[in-house]
Amino acid sequence: DQQVKQNSPSLSVQEGRISILNCDYTNSMFDYFLWYKKYPAEGPTFLISISSIKDKNEDGRFTVFLNKSAKHLSLHIVPSQPGDSAVYFCAASYGQNFVFGPGTRLSVLP
Amino acid sequence: KAGVTQTPRYLIKTRGQQVTLSCSPISGHRSVSWYQQTPGQGLQFLFEYFSETQRNKGNFPGRFSGRQFSNSRSEMNVSTLELGDSALYLCASSKGSEEKLFFGSGTQLSVL
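Residue numbers (our numbering), protein chains in the order written: chain A, 100 to 209; chain B, 416 to 527.
Derived from the structure by calculation, the hints contain no laboratory data. Careful, some of the hints might be misleading.
Taking lysine-lysine pairs in the BS3-like style, the calculated list, with each CA pair at most 27 angstroms apart, reads [said to hold, decoys possible]:
no.: 1; chain 1: B; residue 1: 428; chain 2: A; residue 2: 155
no.: 2; chain 1: A; residue 1: 104; chain 2: A; residue 2: 167
no.: 3; chain 1: A; residue 1: 170; chain 2: B; residue 2: 515
Predicted model only: the values in this text are computed from it and were never measured.
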């Protein structure tokens, strides 16, 4: 039973355009949500997070939106750059219980 | 400030052997978690330690075990290795509850 889902295994976007990565969760107990970026042969690096008391958090080119009623969050990257090409993992947590999605491979084409 | 350090980076073992992986967390971090990543899969949670005590455990067989030392360093052990254990094993540390995780570069384990 997947508690955190990323239904798009891959996404291709033109450089300079917006990338939108989506994530759905099923457990209402999750109260903290994070996005991680991973390059091959490296560990995931933290990108941005959002608490369940907010519906939007911005950090530079990255914005995370949370829709609690739909149990859905999304990561927007604007503008997309070739260096953003990586696998993006969505994670949801309560307490110290972190559950990760299967990841979405983003390719930003020059 | 040094990041999370995992050793070794690469490991090749044969079926039936056992393996021990090591993780040194960021200084001051008392929580250490272990994850398994296989191709096409997300990060599957193995277990989490805080102050030398296992607080949470994922859905893995008893062949997977771990421990944490008083200096917060952690080890993970896999006994009687199977081909399906081939994966990237990631260690993450954090200060404690509801804090984001910082990951090491992982140990790539290949079981032949």
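Residue 104 of chain A paired with residue 167 of chain A [C-alpha distance capped at 27 angstroms] | 15 angstroms, holds
Agreement of residue 170 of chain A and residue 515 of chain B with the hint, judged by alpha carbon distance not exceeding 27 angstroms = 20 angstroms, holds
Keeping to a limit of 27 angstroms between CA atoms, is the pair of residue 428 of chain B and residue 155 of chain A held or broken?
-> It is violated: about 46 angstroms lies between the C-alpha atoms, which goes past 27 angstroms.
In terms of the numbered hints stated before, the structure departs from hint 1 and from no other.
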